[in-house]
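If you read the sequences in order, they're chains A and B.
Counting from 200, one number per residue, gives the positions in the first sequence under this note's numbering.
Counting from 200, one number per residue, gives the positions in the second sequence under this note's numbering.
Heads up, a few of these hints could be off.
[Claimed, not checked] Interface residues of chain B toward chain A, partial, derived using beta-carbon atoms under 10 angstroms: (1) G264; (2) P814; (3) L847; (4) G855; (5) H856; (6) E904; (7) E910; (8) E936; (9) V937; (10) P938; (11) E949; (12) S969; (13) D971; (14) Y980; (15) L985; (16) L1002.
No lab work stands behind these hints: they were computed from the structure.
Ideal Cβ placement from N, Cα and C applies to all residues, glycine included.
2 protein chains.
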Amino acid sequence: MRNTLGGKGANLAEMSRLGVPVPAGFTISTGVCNEFYARGRKIPARVKREALDALAKVERIMEAGFGDVERPLLVSVRSGARVSMPGMMDTVLNLGLNDRTVEGLAEQSGDRRFAFDSYRRFIQMYGDVVLGVDHDLFEQALERMKRERGVEGDTELSVDDLLQLVGEYKAIVSDATGRPFPERPLDQLWGAVAAVFGSWRIPRAETYRRINSIPSDWGTAVNVQAMVFGNLGEDSATGVAFTRDPSTGDPRFFGEYLPQAQGEDVVAGIRTPHAITRADRVPGAPPSMQEVLPDCYRELRRVAESLERHFGEMQDLEFTVQRGKLWMLQTRTGKRTARAAVKIAVDMAREKVIDRRTAVMRVEPSQLDQLLHPMLDAASAPPPAGQGLPASPGAVSGRAVFSAEAAEEAAARGEKVILVRRETSPEDIGGMNAAQGILTALGGMTSHAAVVARGMGKCCIAGCSTLQVDSEGRCGELGGIELKEGDVLTLDGSSGRVYLGEVATVQAPLGNDFRTLMRWADQFRRMRVRANADTPADAEQAVEFGAEGIGLCRTEHMFFQPERLLAVRRMILADSAEERAEALEEILPMQRDDFVGIFRALKGRPVTVRLLDPPLHEFLPQSDAELTRMAAELGVSEAELRRKVAGLHEFNPMLGHRGCRLAITYPEIYEEQARAIAEAACVCAEEGVRTRPEIMVPLTSSAEEMAVLRELIDRTVRDVLRKHRRRIAYQVGTMIEVPRAALVADKLAELSDFFSFGTNDLTQTTMALSRDDSGRFLPEYVERELMPEDPFVSLDISGVGRLVHLAVESGRRARPDLKLGICGEHGGDPRSIQFCEQNGLDYVSCSPFRVPIARLAAAQAAIVEGAV
Amino acid sequence: MRNTLGGKGANLAEMSRLGVPVPAGFTISTGVCNEFYARGRKIPARVKREALDALAKVERIMEAGFGDVERPLLVSVRSGARVSMPGMMDTVLNLGLNDRTVEGLAEQSGDRRFAFDSYRRFIQMYGDVVLGVDHDLFEQALERMKRERGVEGDTELSVDDLLQLVGEYKAIVSDATGRPFPERPLDQLWGAVAAVFGSWRIPRAETYRRINSIPSDWGTAVNVQAMVFGNLGEDSATGVAFTRDPSTGDPRFFGEYLPQAQGEDVVAGIRTPHAITRADRVPGAPPSMQEVLPDCYRELRRVAESLERHFGEMQDLEFTVQRGKLWMLQTRTGKRTARAAVKIAVDMAREKVIDRRTAVMRVEPSQLDQLLHPMLDAASAPPPAGQGLPASPGAVSGRAVFSAEAAEEAAARGEKVILVRRETSPEDIGGMNAAQGILTALGGMTSHAAVVARGMGKCCIAGCSTLQVDSEGRCGELGGIELKEGDVLTLDGSSGRVYLGEVATVQAPLGNDFRTLMRWADQFRRMRVRANADTPADAEQAVEFGAEGIGLCRTEHMFFQPERLLAVRRMILADSAEERAEALEEILPMQRDDFVGIFRALKGRPVTVRLLDPPLHEFLPQSDAELTRMAAELGVSEAELRRKVAGLHEFNPMLGHRGCRLAITYPEIYEEQARAIAEAACVCAEEGVRTRPEIMVPLTSSAEEMAVLRELIDRTVRDVLRKHRRRIAYQVGTMIEVPRAALVADKLAELSDFFSFGTNDLTQTTMALSRDDSGRFLPEYVERELMPEDPFVSLDISGVGRLVHLAVESGRRARPDLKLGICGEHGGDPRSIQFCEQNGLDYVSCSPFRVPIARLAAAQAAIVEGAV
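Go ahead and model the full structure; you've got the sequences and the hints to work with.
Shown next, in the form of structure tokens:
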């Protein structure tokens, strides 16, 4: 009944319907909201009458009277639309208090301080939320009072102080509104109800609805519910409980409580709560609830069991015992660790509480990350020395080094190191590979360091803003503390925290429950899951995690290895096509061996190889010393070399001479790569290893480009196959990573066997958002909700997604058997994976360590979208 | 009958139908092409029969016989599809020659050399085009022969040499094809016809059709036409003529001819042709055709007049007189200068040959550029010293200077200078303004230099690759010649040519015909034409050229002026919003005055002001010396300043922290600008000057951004208006220059009064193509037809255009009264203007000097699209 009662009201009604003891209350339905506006912002008389009837029932159930001086009934008033919506009125508590009922509350609670503090807070909340009085005015009065009394905390104010403050607060209200604070509880109630309805149309809510296409005639409901108190004597208490252990998932009832306390006392952590069950009580600790309030305890367990059974899900409960009577204040799905989530899902399916489909839906895929990487041992961690972005999970320790070479040297000596850089570049790959983890001062979640590290399954913290790096001086500074080469650091890639010294880590074994859940997930999955992997080692890891192919094998690194780099640089600086071809000829056998290694690891599964993508200047040295060395190696003058290097400079390399544009200018490069791939396939065939190469052209933006390059690749591959007398089925396709490619997808589809959406670059170009430069404003955008999420983490569905959708539609129309996949970072993000399922993609591809996440997310998407 | 006869065949038939004497011929229709393929690439017997009948008629008309030894009929065979298509067979001339008929040709022409040279060329052409023999083999034989004879040119070979070459050519053909060269004329004919049909399906033609969506069943026609010769005696001749003077447009018959010559002799320029009319014959020159061949002359004039009347257009005619009989070989619309085009169109409309609508259609809008800028006096120009891109038209001379400061200093002394730079940046604006013209070594047609120069109506040549600039040394090199400060250069911005020394220029007055044509154009135009102008001077110029408003007033320059720059830099480096606001407060009065100046110039026409767009680092100094100076001026340490400047560095500034993103981070900036605009409008109102400010937010990519900024702008403007007690209608809208903005246009439309398509940046992002970096590959793309045109000059309709279309559709759907315009460079490009008309835009905006072009192009687009 969410449409009529709103989300909050429907949930409360559901508990009540189950016979669970919830404080009595009623909901004024969403339909009344329209009526309210139609009558010039007046609550219809009929509604008031019905509300009064309902209130009378509440009084009976709660054995209290609204406005009653001795046993005053206090209520909360909350808004509740069909969907949660920012900008609307939230909550008013303790409504019903006035100068007389406050005495009743004091009497009942035996705590005048509590009663008057509640009263003061109520006036402030009502004044602010309902009457629109500036919040600061109350705060200022409070501060003044504390200053005058010479105290620091609110709790140090005496009952008389509070009484005086109540007077001041009322004066503030009447000054600001021109009317006295409403003393009559019913006036308070109607005021609060009208304020909830009124908040439906404040500008912020209107804007939110417009942006999110929420019809303005949906309206909001109003929830009115009795307050209960856990501090009304020795037979009162309050607490929280879980139906299963949220940390391990073990099926045991578990919780904490405080006698004579209010809910916020448990949350605030001022008093240490006691165990609920006798079993959990440690020797010497105060008695458990099971011992002190055995009846309430029994009822609580019974309620807990019935709620878990009803919702088919582990519950997190809040309760209050008021004078020996148990009241459930809230039940909700309990948060849990990844380990617990997996265990609970599998257990519940085995207990037949839920079916397997539901079990698969129960685990948040991104949580699995916790299980796949070693974790920091929380118990032994000191306070962190720095905080960056959690770019790639894992927990590692090692000695700080400030250059890739130092990392490689140390690794060669068998040392564990952390590579600390301002930012990383492709030349650092060797060092990144050699290091345990990577820490950078700049860059975001999809910076070079972050992407490469995730690809390697290597721990990385990027954009640690308090880090300063002096790579020449082999030192740095972290939050003001000096760092020297050799200092030990520990990185927690899951939280982005950096520690000085070594912190112990624990490797969590995956366990049988995990394997069971993944097996079930695979049964529901429609899309294939591939991995992004560039080396045989990565490829093997990916297969182990369940990858069904390689969706993106980048080939840059094949040009970066030291023994090849000189030939590559000769190729780049060549003055003729012949010179270029000659230099490439040198590299070919090595690249062929690379491909053979990858094909062997995949054992006949498809491998999508992306031809060379980065701008050529990335392969050239940047520092003066390196330039001098290179000039000597190549036998050219330094000035000449410097001129050529300068000539390759680009203002916006992201939009420059790279990807397939290189091959339009220098066809020899892709020809060499196509040959290396085809020859590797022939070598494998010789060994009896099946191969399914898929050759992928990057940065395509027009059919004309694709026509030229497809012809080049087909001709080259066929030549090789003919020479080796082999028939190997291969495919040629394109990345869709430029908006224009998506817009001319129909034409591209005619020339492509497959599309692979390169959503990293597609996001950058579609949003005009450089991932390397966005650090200065993107976090603010996300924080201020100008963007729903970091678009490099989760696909921007209404922008980039619309382009993907267009390309899928027109591509499939032009070529119904077109294979469609995604190979951007989004291929490992559950929300993006659901989008891929909705759009009928054939596979997603992500870094090896995210393969299990993608498998689970793909299964969930298939279930949600009704594909299975 | 273009669909049946193809383009070429239909045109020939049209002339014939008019009774114009064209050499007889026939066309095998396009339908036969399909039949040809259906029958396994065979010409149907019926078609052969009909062709033979037609051939017999040709023989009768031409009084010659196909294969006849004495009076041989020779024919040309040409392909001709509905639309012109690259990759298909072009032309075979002189078909019908063999060892016997060549003697007849020799006899008739009295020139054996001519006859055997024709024969040799025919074998080569037929061998290459019809039989697929490698062209190089013939060339090699010819080269060998010339080497052996010790001669350089083909014409030095004797008849015997040619006879021997004919033998060698035939041997080449039989070696390559395994068959003798076809001696029988009919075999030659069927072979050529089959080759034309066969060329319909060669891969290049297929690819072209696929990309251009040309159905493959359209087929091609084949045109067979008799050859005629102008060198068969004294009563033979050949020539070209124009029905009006192509240079001035004067209505006088005009042309040149050569007696006893072939068409190519006139074109090749080996012999100097004679005047056709007696009036044009200069004293001492050979007699005119009017005198030598009076009958043919009279017929030619008659034909010329009837063709001009028939086509209603000035004609360029080719003719041959064979033995006293006039044959028209071609008639086509004559090319003409801009001046002539305008005069002819206006004259013809006044002569009632065409109507005004047609007259408006007759002038190529981009030609008007020639009339609007001073032109180089072609007569006195030396050979150019360098060649760059014709970035902004005009012809100017001045002394070379190598820095903006030097340009400003020289201008202050009253000197005319050419600013020579590697590339320009916003800091050079003062110098660019002071210079007569700008010459850069780097950058394309839409580089900073090009865009700003066009905006200023200033001559500019960009990307002059043979130029090297050493700005510190105040010197350079142009094509190997040293350049020093003070050397005089002349730039021809219309051709991209650079000259050493001064070359005279002439300013072409616009004239009455021009004004008349523009008045007519304005009557047909639907779209409004605005100008991009940043200063009162530019704005006045724009209004003078007929601009109906300002479509883009950039505000960067208002921050760059020396007396403001220090405050701007203080603003950028400020640590708090207050400091920023304080610095902005200093600039405000100056900017308000700028706006007042522009509003006054526009006299109530709308002015679209774009709020600050460039990344802040553009306002900071780059050189060490400037940094030192600035640190002193700002009173901060140099190290601190250097750190801040480095912190603003971006890898891809195009996709970085700029446009409205600046205002999300620093709202004070747009607030200050909005205030300056609103206050300026109030100042104008005081003076009785009406204003229609349109405030434009750049680089918007989401509705969330727009909501925040619209609120900020509205609030600020309303505050000012309230304070001044004024009611001024203003609008707030957004640029659409990020693909995502186009994709979420419906949401943006709800928050915008207008959209202005910033197609410069939209092209960069949609195509992932940096205009500053594309110089290394874009020219090759255009040359190899991988792109139809430079997308920064003419809108990429299938990519960028599709996004514009999406945005227009969804924007208008969300808000039917949404005003739509374009303010990229494309706003002055006729093809792009037509696209704007098709998409129902309300206006185009371009640089002031292109306003007349845009007015004419908009009128033509309205006519073509049937809007008027």
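Hints, one by one, checked against the model:
1. Annotation: B/G264 was flagged as interfacial toward chain A, and the flag is violated, the nearest CB pair being 47 angstroms apart, outside 10 angstroms.
2. With a cut of 10 angstroms, the hint placing B/P814 at the interface with chain A holds, because the nearest CB-to-CB distance is about 9 angstroms.
3. Here the hint on B/L847 is kept, as its CB sits about 8 angstroms from the closest CB of chain A, short of 10 angstroms.
4. Because the closest C-beta pair between B/G855 and chain A is about 4 angstroms apart, less than 10 angstroms, the hint holds.
5. Interface restraint check for B/H856: the shortest CB-CB distance to chain A comes to about 5 angstroms, inside 10 angstroms, so the restraint holds.
6. Interface hint at B/E904: satisfied, since its Cβ lies 6 angstroms from the closest Cβ of chain A, which is below the 10 angstroms cut-off.
7. Below 10 angstroms, beta-carbon pairs count as interface contacts, and B/E910 has one with chain A at about 8 angstroms; its hint therefore holds.
8. Interface restraint check: B/E936 against chain A, minimum CB-CB distance 8 angstroms, threshold 10 angstroms, status holds.
9. Checking B/V937 against chain A: minimum C-beta separation of about 4 angstroms stays under 10 angstroms; hint holds.
10. For B/P938, the shortest C-beta to C-beta distance to chain A is roughly 4 angstroms, which falls under 10 angstroms, so the interface hint holds.
11. With 10 angstroms as the threshold, the beta carbon of B/E949 comes within range of chain A, its nearest partner Cβ sitting at about 6 angstroms, so the hint holds.
12. For B/S969, the interface hint holds, the least distance from its beta-carbon to any beta-carbon of chain A being 4 angstroms, beneath 10 angstroms.
13. Satisfaction of the interface hint for B/D971 is found here, the shortest Cβ-Cβ separation to chain A being roughly 4 angstroms, below the 10 angstroms cut-off.
14. A cut of 10 angstroms between beta carbons decides the hint on B/Y980: the least distance to chain A is about 7 angstroms, and the hint holds.
15. Interface restraint check for B/L985: the shortest CB-CB distance to chain A comes to about 4 angstroms, inside 10 angstroms, so the restraint holds.
16. At its closest, the beta carbon of B/L1002 sits 7 angstroms from a beta carbon of chain A; the interface hint therefore holds under the 10 angstroms criterion.
Going through the hint list in order, the structure does not satisfy hint 1, though it satisfies all others.
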